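Participant: In full-length UniProt numbering, the protein residues as written are 1 to 369.
FYI, nobody ran anything at the bench for these hints, they're computed from the structure.
All clues stand as given, with none of them false.
Subject to a maximum C-alpha distance of 30 Å in a straight line, what follows is the list of computed BS3-like cross-link-like pairs (lysine-lysine): (1) K26 - K335; (2) K5 - K77; (3) K7 - K45; (4) K285 - K329; (5) K90 - K126; (6) K146 - K126; (7) K320 - K271; (8) K45 - K77.
Bear in mind the structure is a predicted one, so any value in this text is a computation, not a measurement.
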Amino acid sequence: MLYRKMKNGDVISILGYGAMRLPQLKNGEIDEIKAEKHIRYAISKGVNYIDTAKIYHGGKCEAFLGKILSRDGLRNKVNIATKLPPWQVKEKSDMMRIFNEQLKDLQTGYIDYYLVHALDGKSWKKMKDLGVLPMLDKLLREGKIKNAGFSFHGNIEHFYQIVDDYDWTFCQIQFNFLDTEYQAGLKGLKYAAEKGLSIIVMEPLRGGRLAQNPPDEVKDIYSASGLERTPAWVWNFPEVVTVLSGMSTYEQVRQNVKTASDSKPGSMAKKELEVISKVTKVYKKLTKIGCTGCMYCLPCPVNVAIPSCFEYYNGFHLYKDDKFKTFYKNFLGDKAKASLCVNCGQCVEKCPQSLPIPELLKKVVKEFE
Numbered sequence: 001m002l003y004r005k006m007k008n009g010d011v012i013s014i015l016g017y018g019a020m021r022l023p024q025l026k027n028g029e030i031d032e033i034k035a036e037k038h039i040r041y042a043i044s045k046g047v048n049y050i051d052t053a054k055i056y057h058g059g060k061c062e063a064f065l066g067k068i069l070s071r072d073g074l075r076n077k078v079n080i081a082t083k084l085p086p087w088q089v090k091e092k093s094d095m096m097r098i099f100n101e102q103l104k105d106l107q108t109g110y111i112d113y114y115l116v117h118a119l120d121g122k123s124w125k126k127m128k129d130l131g132v133l134p135m136l137d138k139l140l141r142e143g144k145i146k147n148a149g150f151s152f153h154g155n156i157e158h159f160y161q162i163v164d165d166y167d168w169t170f171c172q173i174q175f176n177f178l179d180t181e182y183q184a185g186l187k188g189l190k191y192a193a194e195k196g197l198s199i200i201v202m203e204p205l206r207g208g209r210l211a212q213n214p215p216d217e218v219k220d221i222y223s224a225s226g227l228e229r230t231p232a233w234v235w236n237f238p239e240v241v242t243v244l245s246g247m248s249t250y251e252q253v254r255q256n257v258k259t260a261s262d263s264k265p266g267s268m269a270k271k272e273l274e275v276i277s278k279v280t281k282v283y284k285k286l287t288k289i290g291c292t293g294c295m296y297c298l299p300c301p302v303n304v305a306i307p308s309c310f311e312y313y314n315g316f317h318l319y320k321d322d323k324f325k326t327f328y329k330n331f332l333g334d335k336a337k338a339s340l341c342v343n344c345g346q347c348v349e350k351c352p353q354s355l356p357i358p359e360l361l362k363k364v365v366k367e368f369e
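My request is simple: use the sequences and hints to build the entire structure.
Facilitator: What follows is the structure in structure tokens.
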């Protein structure tokens, strides 16, 4: 395992364990046996940064992590990162109530890395007006959080503002070879680093979609080059301290740990970067909807399976295969299909990608129904 230094001097594994996509049972609950096995393996191989949030896995992720990290001294081997969700904050007192709930669920006396979650311009104004900055100052003074940061899903101008508004230790941004000009993007990464913030990267493979069974055009590019597909492109940037991977299988954990043992800044050859450039152009041409499958849009009040609708729609266009229409019909049926959408707009408010979800669901209906 390779390590890089945070602004505060902490030595952090370049692979961070993203707990948003833990293995699940058929009923949707966390498969605690598998998840604990995966996390213990990662820690044994040197992963020392675990990222979670109040909302992950239906609000049950923090309590699960608290339970397993309280065993065998694991808590002392890792840095815990979790987040304050602005959409659950209705009044000032909610912030401390939520934080105290998180301490209890995580079974810890402090949070190593505490983030204000999924900020954009609107939510940042709301949180500032409610006094989030004095609250962070107080928690830092009391040692209840060791470092303050934020995760971001807005436009670049709002990113600049948030970076400048506080003495943050770190920020967390979506960054991969398709998203260099999206949200914070490469400009935001460089700006935050120049201001002294450490960079945490989420969605390095867009929820795994840039690694799993690529379309034929992409396969041909990789095959001709003789190169393997890895998240090493993000690690190539020296500004990036750690890359979060939402690993749901043991093989994903094993492979990512292996890759994190030899991915140094600036280590990718010119040929490799040229291959990534070609692959980027193909994905941008074929991908119709920029959904990462984060599931922040759920639950839908009328039960539309929004991420699945978009996954099948993108799959159909990426692979030019009618089986995705069959999957849509058989797996979603009449209880979760796109045409059930009533255009309430709740999903739009929650989507980190700012996707016009109701309008995109209409495209799914037109082609699949």
